[in-house]
Amino acid sequence: MTFTTPVFLVFLVVVFLLYWPLPRRGQNALLLGASLVFYGWWDWRYLFLLLFTAGVDYGVALGLARSDAPGRRRALLLASLTANLGVLATFKYFDFFAGSLRSLLLAFGFEPSFVVLHLILPVGVSFYTFQALSYTIDVYRGRLAAVRDPLQYLCFISFFPQLVAGPIERAERMLPQYARERRFDPEAAHDGLRQMLWGFFKKMVVADTLAPFVTAAYTSPSTTSGWQLAWATYGFAFQIYCDFSGYTDIAIGCARLFDFRLMRNFDYPYFSRSIPEFWQRWHISLSTWFRDYLYMPLGGNRVSRGRWAFNILVVFGLSGLWHGANWTFVIWGLLHGGYYLAFVAVGARSSASEERQGWLPGLRELAAMVLTFHLTCLAWVFFRAASVPDALLVLSRILAAPFSGAPEAPSEAAPFLWAGLLLLVEWFRRREPHALHWPAYAGAWRWAAYYAIVWAILLGASLSYTPFIYFQF
Amino acid sequence: MRGSGGSVVRFAVRIALFWLPVVVVFGLLEVGLWRAGESWPVDRVLDVQQRQPDAIFMRGLLDQSFYAYKWRGVLRARPRVLALGSSRVLKFRRTMFGTESGVFYNAGGLVTNVGDLEAFAERLPPEPTPQVLILGIDLWWLNPAHAPGDEFLIEDDGAWSWQGHLLALRTLLGRPSAIGPLFRPQLFPHPEGIGVIARRRGEGFRPDGSLESNLPLPQTAEGWAFVDREKPPILRSIRRGVGFFEPAEDVAAPRLERLQRALTRLRSRGIRVIGFAPPICSEGVRLLDTEPRQSGLWNAFRRRVAAVFAAEGLSFFDASSPDRLGLDDRYMIDGIHAEETFHVHLLRRMLDDPRLAALLPGTLPVLDAALSSPKTNFWHAELAPPASPGSP
Numbered sequence: 001m002t003f004t005t006p007v008f009l010v011f012l013v014v015v016f017l018l019y020w021p022l023p024r025r026g027q028n029a030l031l032l033g034a035s036l037v038f039y040g041w042w043d044w045r046y047l048f049l050l051l052f053t054a055g056v057d058y059g060v061a062l063g064l065a066r067s068d069a070p071g072r073r074r075a076l077l078l079a080s081l082t083a084n085l086g087v088l089a090t091f092k093y094f095d096f097f098a099g100s101l102r103s104l105l106l107a108f109g110f111e112p113s114f115v116v117l118h119l120i121l122p123v124g125v126s127f128y129t130f131q132a133l134s135y136t137i138d139v140y141r142g143r144l145a146a147v148r149d150p151l152q153y154l155c156f157i158s159f160f161p162q163l164v165a166g167p168i169e170r171a172e173r174m175l176p177q178y179a180r181e182r183r184f185d186p187e188a189a190h191d192g193l194r195q196m197l198w199g200f201f202k203k204m205v206v207a208d209t210l211a212p213f214v215t216a217a218y219t220s221p222s223t224t225s226g227w228q229l230a231w232a233t234y235g236f237a238f239q240i241y242c243d244f245s246g247y248t249d250i251a252i253g254c255a256r257l258f259d260f261r262l263m264r265n266f267d268y269p270y271f272s273r274s275i276p277e278f279w280q281r282w283h284i285s286l287s288t289w290f291r292d293y294l295y296m297p298l299g300g301n302r303v304s305r306g307r308w309a310f311n312i313l314v315v316f317g318l319s320g321l322w323h324g325a326n327w328t329f330v331i332w333g334l335l336h337g338g339y340y341l342a343f344v345a346v347g348a349r350s351s352a353s354e355e356r357q358g359w360l361p362g363l364r365e366l367a368a369m370v371l372t373f374h375l376t377c378l379a380w381v382f383f384r385a386a387s388v389p390d391a392l393l394v395l396s397r398i399l400a401a402p403f404s405g406a407p408e409a410p411s412e413a414a415p416f417l418w419a420g421l422l423l424l425v426e427w428f429r430r431r432e433p434h435a436l437h438w439p440a441y442a443g444a445w446r447w448a449a450y451y452a453i454v455w456a457i458l459l460g461a462s463l464s465y466t467p468f469i470y471f472q473f
Numbered sequence: 474m475r476g477s478g479g480s481v482v483r484f485a486v487r488i489a490l491f492w493l494p495v496v497v498v499f500g501l502l503e504v505g506l507w508r509a510g511e512s513w514p515v516d517r518v519l520d521v522q523q524r525q526p527d528a529i530f531m532r533g534l535l536d537q538s539f540y541a542y543k544w545r546g547v548l549r550a551r552p553r554v555l556a557l558g559s560s561r562v563l564k565f566r567r568t569m570f571g572t573e574s575g576v577f578y579n580a581g582g583l584v585t586n587v588g589d590l591e592a593f594a595e596r597l598p599p600e601p602t603p604q605v606l607i608l609g610i611d612l613w614w615l616n617p618a619h620a621p622g623d624e625f626l627i628e629d630d631g632a633w634s635w636q637g638h639l640l641a642l643r644t645l646l647g648r649p650s651a652i653g654p655l656f657r658p659q660l661f662p663h664p665e666g667i668g669v670i671a672r673r674r675g676e677g678f679r680p681d682g683s684l685e686s687n688l689p690l691p692q693t694a695e696g697w698a699f700v701d702r703e704k705p706p707i708l709r710s711i712r713r714g715v716g717f718f719e720p721a722e723d724v725a726a727p728r729l730e731r732l733q734r735a736l737t738r739l740r741s742r743g744i745r746v747i748g749f750a751p752p753i754c755s756e757g758v759r760l761l762d763t764e765p766r767q768s769g770l771w772n773a774f775r776r777r778v779a780a781v782f783a784a785e786g787l788s789f790f791d792a793s794s795p796d797r798l799g800l801d802d803r804y805m806i807d808g809i810h811a812e813e814t815f816h817v818h819l820l821r822r823m824l825d826d827p828r829l830a831a832l833l834p835g836t837l838p839v840l841d842a843a844l845s846s847p848k849t850n851f852w853h854a855e856l857a858p859p860a861s862p863g864s865p
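Just so you know, the sequences run in chain order A and B. So the first sequence is numbered by my numbering: it starts at 1 and just counts up by one. So the second sequence is numbered by my numbering: it starts at 474 and just counts up by one.
What the hints contain is simulated information worked out from the structure, not anything from laboratory work. Mixed in with the good hints there might be a few duds.
To be verified - Examples of chain A residues lying across from chain B (beta carbon under 7 Å, computed): (1) 6; (2) 8; (3) 184; (4) 456; (5) 459; (6) 463.
To be verified - From chain B, some residues computed to sit far from chain A (all C-beta separations above 10 Å): (7) 483; (8) 485; (9) 494; (10) 520; (11) 595; (12) 712; (13) 825.
For every residue, glycine included, the Cβ atom is placed at its ideal position computed from N, Cα and C.
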């Protein structure tokens, strides 16, 4: 089931109306049932995979709670890591590594034969696997007590708003929310709906209308002009932001209808003035996951400068690989790692909290934002292209464009106008948790704005089905 | 409610109130679409057409759902004679078949590539199957450079597509003058039609599945001059090698094999398939014959399809140009579609084969009468009305 289909809206209304009259345990049972329906709607067979890893992690955590023996605890953690990463490796990475190894051996004159599995990637596997891993690792580290109620644990793993594309939640934040009584807060529910509305606008009006233009250009870069490829790259920057942050807005807003608080995942990333700041604002739940469960265990910044740089590149490289089994994603991650090191080296390590107050940015701030945005766009070329040669072709054509003729406007202007409008609105709302967080505004103005957005969605949204980009990760 | 008394109810009411104006606007437009027959599901359309023989059907805002409409039409009609192919076979109609008229159905639009044909052959239910199947095969079905299609979306009815409804409502909101007639059928020139195009233009599918084009009949000799009404024009597509005419040197062998498999399957079920290549206007044929990028596929298509039919012991008629029947472009309404009279000539030519004439008793006199009637023109033939049920 996808957020942008009418069936989801019907599903949400039904679950919402059934949910509130129930006692806490009944609410959890309903959420679990709804989450399984939500996930099984896509392919019910993969429910078994989800339940398998959830079962392993639940048992491992109980085992960890009962044991103080370091050897046994390590073995239990290893079992959890093997189960979770094994599923990920089998379904997501097996063919990639087998293919890469085969290419490598072929280059050395060997002719190996490998089995290729061609498995369908279960939706959201990277998200729920990382969420589950955070639980067993935290229990192993003694930061968290193992949960005994299987219902609470299954709810934590499968909560439908964030099951397939995050935010990647932490057990220490979420499990207490399943254990406590929930109270309906009309203001929180209204704000949740506002955030959902903005998410729908981002996804359906901006991301999905940009998608065909971007796809057309990136499908045949050799026959698309450099100017159009440049526009397509800008377009993709907004497509992926609106697609993913739109999903997150809907997820967070949806959770608030049930009195759950999910973590923030995006903080207006394109207003960043440096790459380190960008990573404080983009896919926050993933970057903090890598910080806590990979970067810190590698030594963080309490190591030599060379080792630290290596750690950064490892984290960013693996972050790229997390997105997909393709070298393009690895290069995307390594590029960001390189940017990160360069920004730190020159001391340009801004943070969101240092942002200048006022309606307009200063010239220096604007220049830093433009530079940061273009660096991310350069990396997006690798993220979006089908292969590394394609990405290099796109870059070469873009770089050659100024020498090959007069500048061209994008062949599809309307999606860029929507993206421009979004940028403007988000700039002025950038200090709020989401663009429509305006409880203090007069009711009439708010309703007028809501209607404007509803009509923009009804009249401007793309009608062809465009899956959320991050579903494939 | 947990701890909050009626706050959930108040919240729900407030949200419902917010959505009310949107629901009212869209609800009213939906009522208009229903009144015009635009949003009727195809089963309802077929029910009404069964009761009202004059009711033609063509949507203008929602998806036409060719596949669903024609497939269900075939299943209901269970015809003894079936015309099958793309839009280029749509001019065969019930009245051409004389005493056979009650058992004819035109499924033009249901099969637009070899994948569709295979799917049709596989999914056609057992008895009663058609005894005669007139199959129009388009050049591009076998063009390796043309997308294979292979969709056969017989389950998809545009009446149930929320995207289709949203698109229709967007169109109406952008063209408010189109809204009034939806509520007052008498404002349409053809109020008996089902769907916006049928009501506005009098164009659509008859209950026998054939197409009523309702083009204004030329009134002068000059008016009969050929006009390529297809958009984009066919001659331009051939010259540029785009649309249906991507250049290729030969037919796609795998598709030819699939065509043969489908024919074998149909033949094994006792269905007599009569194949034909529908016509292209004479300038188009000249271009296909002489353009080096086009001639390879064009020649191979006619030769190899005929060979496949011959191998199956079936008849194939090369009607790929009007002059092959001794006709000219005046019988065409655009570069790739001929009108009804052409099809009368084609059917008459088919019945020169006594085996086929035996399969369609009663058809020959009707065709001969039509072709000799002074009322028959280049587009419309003077065909006797179909025999009513029970009449001799």
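Status of the hints after comparison with the structure:
The criterion of a C-beta within 7 Å of any C-beta in chain B is met by residue 6 of chain A, whose closest approach is roughly 5 Å, and the hint holds. For residue 8 of chain A, the shortest C-beta to C-beta distance to chain B is roughly 12 Å, which exceeds 7 Å, and the interface hint is violated. At its closest, the beta carbon of residue 184 of chain A sits 4 Å from a beta carbon of chain B; the interface hint therefore holds under the 7 Å criterion. For residue 456 of chain A, the interface hint is violated, since its Cβ never comes within 7 Å of a Cβ in chain B; the closest pair sits about 12 Å apart.
Taking 7 Å as the C-beta cut-off, the interface hint given for residue 459 of chain A holds, the closest approach to chain B being about 6 Å. Of the supplied interface hints, the one on residue 463 of chain A holds, with its beta-carbon coming within about 4 Å of a beta-carbon of chain B, less than 7 Å. Interface exclusion of residue 483 of chain B from chain A breaks down, the closest Cβ pair being 7 Å apart, not more than 10 Å. Against the 10 Å criterion, residue 485 of chain B falls within the reach of chain A, whose nearest CB is about 7 Å from its own CB.
With a least beta-carbon separation of about 8 Å from chain A, residue 494 of chain B fails to lie farther than 10 Å from that chain, contradicting its non-interface assignment. With a least CB separation of 27 Å from chain A, residue 520 of chain B remains clear of the 10 Å interface cut-off, as annotated. The non-interface label for residue 595 of chain B is consistent with chain A: the shortest C-beta to C-beta separation is roughly 25 Å, beyond 10 Å. The beta carbon of residue 712 of chain B sits about 20 Å from the closest Cβ of chain A, which is more than 10 Å, so the claim that it is off the interface holds.
Every CB of chain A is more than 10 Å from the CB of residue 825 of chain B (nearest about 49 Å), matching its label as outside the interface.
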